[in-house]
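Chains as they are written, first to last, in the working numbering: chain A, 1 to 283; chain B, 284 to 534; chain C, 535 to 803.
Treat the hints as calculated values from the structure; they're not laboratory data.
Keep in mind that a hint or two might mislead.
[Unchecked claim] Computed list of lysine to aspartate or glutamate pairs in EDC-like fashion (alpha-carbon distance at most 16 Å, straight line):
#1 C/Lys547 x A/Glu115
#2 C/Lys544 x A/Glu115
#3 A/Lys32 x C/Glu650
#4 B/Lys318 x B/Asp353
#5 B/Lys332 x B/Asp353
[Said to hold, decoys possible] Which stretches of chain C does chain B cover? Using the computed rule of at least three CB atoms under 8 Å from a CB of chain B, they are:
#6 701-710
#7 717-731
[As the list claims (entries may be wrong)] Calculated Cβ distances over 10 Å to all of chain C for the following chain A residues:
#8 Thr51
#9 Gly147
#10 Glu177
#11 Tyr179
#12 Leu273
Note that beta-carbon positions come from the ideal geometry of N, C-alpha and C, so glycine has one too.
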Amino acid sequence: MSKSTHDVSNEVVVRTIVRKRLTLRSLVREEKFLYVVSLVVFFTIWHLAATRGNGDSALVTPWATLQGLYDMMSSPLGGETLVGHTWNSLRRVLIGFSIAVCFGIPLGLLLGISETASAILRPLVDVFRPMPPLAWISLSILWFGIGEEPKIFIIFLASFIPSVLNAYNGVRLIEPELYDVVRVMGGSRWDEIKQVVVPASMPAISAGLQLSITSAWMGVLAAELVSSNSGLGYIIILGMQNSDPQMVLGGMVMIAAVAWVLTASMEKIDMMLCPWRREIKGL
Amino acid sequence: MEQSAASNAKIEVRNLTKKFGDLLVLDRINFNIKKGELVAIVGPTGCGKTTFLNCMSKLTDTTDGDIFIDGVPADPVKHNLAFVFQEPTALPWRTVAQNVVYGMEVKGVPEKERAERLEYILNLVGLKDTADLYPNQVSASMMQRIAVARAFAVNPDLLLMDEPYGQLDVKLRFYLEDELVKLWQTLNSTVLFITHNIEEAVYVAERILVLTPKPTKVRAEVIVDLPRPRNFLDPRFVEIRRQVTELIRWW
Amino acid sequence: MAYQTVKARKSLKLRVLPWLSLTAVILIWQFCVSPPGVNDWRIPGVLLARPYDVLLLGIEKLTDVNPDGATLLVHAWVSLQESLSAFLLSLLVGIPLGLMMGWFGVVRGLFRPVFEMWRPIPPVAWIPLAIFWFGIGMEGKIFIIWLGGMTPCIINAYMGVKTTNPVHIQMARTFGASDWKIFTSICIPSALPMVFGALQIALGNCWTTLVAAELLASDQGLGYLITAGRSIGRTDIVVLGMISLGITGVIISQIIYRIEAKLLAGIRR
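Whenever a hint applies, use it, and build me the whole structure from the sequences.
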C-alpha cells in the first residue's frame, strides 16, 4: 500500500493506492504491463515483416538496425561517422533556429505592441505564412548554392513564422486588466512592456519555440534530402540510393533520438521561462 | 440494529467505514432511511462529506461495512441511484429536454415511457418552455433544476443531493427548496440531502443527521416534525435550528 | 448571452498602411529584378523572377503544358488529390485512435509506447522508406503526408477526452452508465471542439509534408513544378509554383475553416 499526500489550497488531498491481487483482469488494467506487451508486439511484427521477404525486402530487423547504427558510428560514411553527420545537422538547426528566434520574437512583440508596425508588417507576414517553408528549398539552392547557407536559410524560414506569430498572439491575448495594474501605479509605457507584455506573453512565446524547433528539424532534413553531402538527411537519402535499408533505418533512429532530445530541452527551457505555469499532464 | 427493525427501511447503512491509508475518514456510520423519507445530513466543513457521498453512490469503494437498498448491497447498475452535484452538470451539447432524458437513457427506460415521464417532469419543474434551449442559454438556477429533474426522472431508489443549492443566491434557493419539497411529495422519492446550511436542512428535511468532524460519525439525530409549508419564524422552527446548531459546534 | 460586438473604426492611417506596404514590396520586387535577358546592376533573372513575369506565366500556364508537362491546374489538382486523401485518412485513423486512447486504458497502454517512438520522427524522414515500399507513385506520397496529419489528430482527440469535465463523468457513473456509454455520450461530444481544432493543424501539416514529398519523388504536382523550374533554370516557374502552393493552401484551409465553423455551430449554439 502506498500513500501520497499533498495540499490543494487549504484542503489536504490524500491519494492512496491499495495494492490489488494479481489477476488476469488487474494485469490487463495495469498500464506498465500493457506498455511491455505493446513493445514486444511491435518489435515482433517488425522482425517478422523484415525476415519474411527472403532478403530482398526493404526492411531489416530491429537487431540489424541497431547493428547498422553501430557500424555507422564506428566507420565513416562520406567522410564522417554518424556522430559527425548528426552534429552537422544539429549545428545547422541551432544556427538557423537562433537567428530566427532572435529576429522573430522581437518582431512578434513589436507587431503586438505597435498598431502602426502591425499595419505595415502584418500583411507581409500573412502573405508569407501560407507558403510552406520547404517550398523555398529550390530558390534557396539557386541563391546560395549547395553549402551551409541554403539549409540555414530554410531552417530560419521554418522557425521564423511560428516565433513571430506566437509572440504576436501572446501579446494580443494579454488581459487588459494587467495593464491597468501598472497604469494605476503610474507606470510608463516602457514599464508596461517590461512588467506586463514580456512576462505575460512568455508562455505563448515558449510554445512558439517548441513549434519552431520541431519545424526546424523537419526543415533541415528536407533540405539535406534535396541536396547535401553531410547530415542525417544525407545519410538516409544515401541509404536509399544504395538500396541499403539498414542505413535508412539507422538514420531514422538517430533522427528520432535527436528530435526527442530537442523537444525535451525545449520543455526544460519552457520550465525556466515560465515556472509559474501549471503543468498540464498530457501526451 | 435488529433485522426486524430494519425491515421497513429502504436504505440501510451498516458500519460504513472508509480509510485512506491509515487515515480514518468515516468511522462506522450506521443509519436507516425509510421509503419516501427526506433526510438531511449536516456537518462541519471538512467532515468527509464528499467521501461519504462517494461511498453512498459507490463511486469509491468502502473499506468496511456496506449500504443495502431493499436488503441488497447497493449497485449503481442494478439500483436506481441518482446524484445531484453542487456544480452544474448539465451537458452543454444537449438541450434541456435531452439533458433531463439522459438519466433515463442510461437506465434503458423504453422510448414511450421516457417521453411520457419527460413530459410529466418538465411540467412539474416548469422547464416546459425552455425544453429546446441549450444549457448555456438558461440561467444558473435553471441548470440546477435540469439536474434535479434529471435525477427525479429515473424514479430513483435513492436520490443523493450534494449541496445542490449551495451556489445560488438566497431568493432562488428558497424557491428551489419549495420546488424540491413539492417534487419529493408528489413522486414519493427517498432523498438524502447534504448541506452545510442548517436553515435549509430544517426547512426541507423530516429528519436531520448531524455528523462529527473527522473521523466522521453520526453525532445525533434530530426529528423535524413540523407541518408544511414551514415557516422560518415559527418558534419551533427556530428552536430546532438552534438545537442543530448547538450539535454542530465543536468548539 | 449575446455580447454586443463593437466595431471600433480604425483610423485612416491604420486602414491604408497595410495596402501601402504590400504595394511597396511588390513594386520594389518588380524594379529590383532585371527583366529576362537583361544584365544590369539589378538582381539577375537567374536568381529571381519579376512579379509581372510570374503573373504572365501564370496566365499562360493555365493552358500551356510546356515546359514541365502539365498545366497549372493539373499540377494543383494532383497536389490536392494527394494531400486531401491523406488528410482524410489521417482523420479517419487518428481521431478514433486518439479518442480511444483518451478513455480506454487498454488502448492507451497498447498504443502509447509505439506512438511515443514514432512521434519524434518528422514525416520527411520517412521519404526514403516510402520510396522503397511504394515506389514514386501516389501511394508513397499519400503515406508520407498521412503520417504528417496523424500527430495533431491523435493528440487533440486524446487531450479532448482527457479534459472532459470530471463531474460529467461522475454524474453518468452515478446513473450506472457503462464505460462505453460514458465514452460515446460524454467524452466524445466534449472532445469535439478540440478535435475540430486539429483539422486546421493537420491540414497545415499535410500541406507542408506534401511539398517535401513532391520535391523528392514525383512527376506532377505543385512541388514538382518548383523542382522542375529549378532544374531548367526558370525562376519564374519556381516562383509561380511557390505562389500557387500558398494560394491553394489558403483556399483549402478556408474551406475547412468554414466546415468546422458549421459543424461546431451544430453541436454548440
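Checked hints:
The hinted pair formed by C/Lys547 and A/Glu115 meets the criterion: a straight-line CA distance of about 10 Å does not exceed 16 Å. Only pairs whose Cα atoms come within 16 Å are accepted, and C/Lys544 paired with A/Glu115 is accepted, the gap being roughly 10 Å. Between A/Lys32 and C/Glu650 the alpha-carbon distance is near 14 Å, which keeps this suggested pair within the 16 Å criterion. Simply put, B/Lys318 and B/Asp353 have alpha-carbon atoms about 9 Å apart, close enough for the 16 Å limit, and the pair holds.
The hinted pair formed by B/Lys332 and B/Asp353 fails the criterion: a straight-line CA distance of about 24 Å is larger than 16 Å. With a cut-off of 8 Å between beta carbons, the stretch 701-710 of chain C has 9 residues touching chain B; three or more are needed, and the interface restraint holds. With 5 residues carrying a beta carbon less than 8 Å from a beta carbon of chain B, the stretch 717-731 of chain C meets the three-residue requirement, and the given coverage holds. No Cβ of chain C comes within 10 Å of the Cβ of A/Thr51; the nearest lies about 16 Å off, and the non-interface call holds.
Against the 10 Å criterion, A/Gly147 stays outside the reach of chain C, whose nearest CB is about 16 Å from its own CB. The non-interface label for A/Glu177 is consistent with chain C: the shortest C-beta to C-beta separation is roughly 17 Å, beyond 10 Å. The claim that A/Tyr179 lies off the interface holds: its Cβ sits roughly 17 Å from the closest Cβ of chain C, which is beyond the 10 Å cut-off. Look at A/Leu273: its CB is around 22 Å from the nearest CB on chain C, clear of 10 Å, so calling it non-interface holds up.
Consistency with the previously given hints fails for number 5 only.
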